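Fit chains B and C to the known structure of chain A by using the hints.
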Amino acid sequence: MELKIYTKKREEIIDLTSKIKDIIKKTKIKEGLCVIYVPHATAAVTINENYDPAVCEDFLEALKKIAPKGIWKHDKIDENGDAHIKAAIIGPSEVIPIKNSQILLGKWQGVMFCEFDGPRERRIIINVE
Amino acid sequence: MELKIYTKKREEIIDLTSKIKDIIKKTKIKEGLCVIYVPHATAAVTINENYDPAVCEDFLEALKKIAPKGIWKHDKIDENGDAHIKAAIIGPSEVIPIKNSQILLGKWQGVMFCEFDGPRERRIIINVE
Amino acid sequence: MELKIYTKKREEIIDLTSKIKDIIKKTKIKEGLCVIYVPHATAAVTINENYDPAVCEDFLEALKKIAPKGIWKHDKIDENGDAHIKAAIIGPSEVIPIKNSQILLGKWQGVMFCEFDGPRERRIIINVE
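Chains A, B and C, in that order, are what the protein sequence lines are. Residue numbering for the first sequence follows this note's numbering, starting at 461 and increasing by one per position. Residue numbering for the second sequence follows this note's numbering, starting at 461 and increasing by one per position. Residue numbering for the third sequence follows this note's numbering, starting at 461 and increasing by one per position.
So here's chain A without its partners, still in its complex pose (with noise of 0.2 Å):
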């Protein structure tokens, strides 16, 4: 299964939970694993609390001090060095176990898609069994 999302920002974290969380149901799947993939190398997907927006703003002023803007070899050819590095660091998977037809994410958990060089189109397939 596969979502299309689109940023409209160059840096924006888009939480996923609910759509994931219909995907699920509509599977009948009752015991496996969840597994999203991110197909691009300038955006990645992590777990985060979704409930608090400024924990998502921190997150991006984070990496905005490991990779900051402007200073990168590859900035020569596309200007987006930096977001090849954070979606290296915060990768393009994440895995998260299904009991009992639900997905084991934690109360304070949801998954955030992480845009870092958007606007864009952008796909995330869904795997589960």
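In this list, chains with the same sequence are indistinguishable; a pair is considered to hold if it fits within one copy or across any two.
Straight-line alpha carbon distances no greater than 30 Å define the calculated BS3-like cross-link-like pairs of lysine-lysine that follow:
no., residue 1, residue 2
1, 464, 485
2, 479, 469
3, 567, 536
4, 481, 533
Hints listed in this document are in silico derivations from the structure and should not be mistaken for laboratory results. Because the structure is a prediction, the values reported are computed rather than measured.
Leaving out everything else, chains B and C in the frame of chain A:
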């Protein structure tokens, strides 16, 4: 299967390797995958050397430079903004292949629970299939 | 299945994409998951662009700022404290869905082995199921 642990400090690394090996032995699975999943937004799991304790101290020190305590927007609500950033960077899961009834950890690799906002009671989900 | 590689420098990124695609072709698997696992505590695997070599150089440079060489407690024993930190942050595994006998890497994504303490002989476990 689920492990319950009680962390004792705000930041702490706890080696889960022997407990995970015991669980795999009990399942009698021969080939497959072991997924370790932490359902918390201020804790994580990583894989690292478990022989010299300085390796884990260095790891926590490096994360402290990435996300120092007390400078984040979320701190106004919870005083654990740094813990959320660390948890999102390290991630809540590890996936390790199983072969000949053995988890394929390297000689110097251990599965390490990372507490970033303790002391707390924490759960760790072990999925073997 | 297992790959063996010989790294040539202390820090080096090696593109494994074509080797992994060959392995998946040989298994004749149609749908499932490909897990790439590095059983070493001073190496890792990441996914990033593999077209412009500057992307990987930038990535190593950013990690060097997170964990500079020579300032860690573990250096007294092994002089590779920085390599352990980098390996734990990037992580030893990647999980990629397979569909229609194809690994679902994005157009600009490659599977990259990360050597942080070479030169060494290194193993990479490829689990397809």
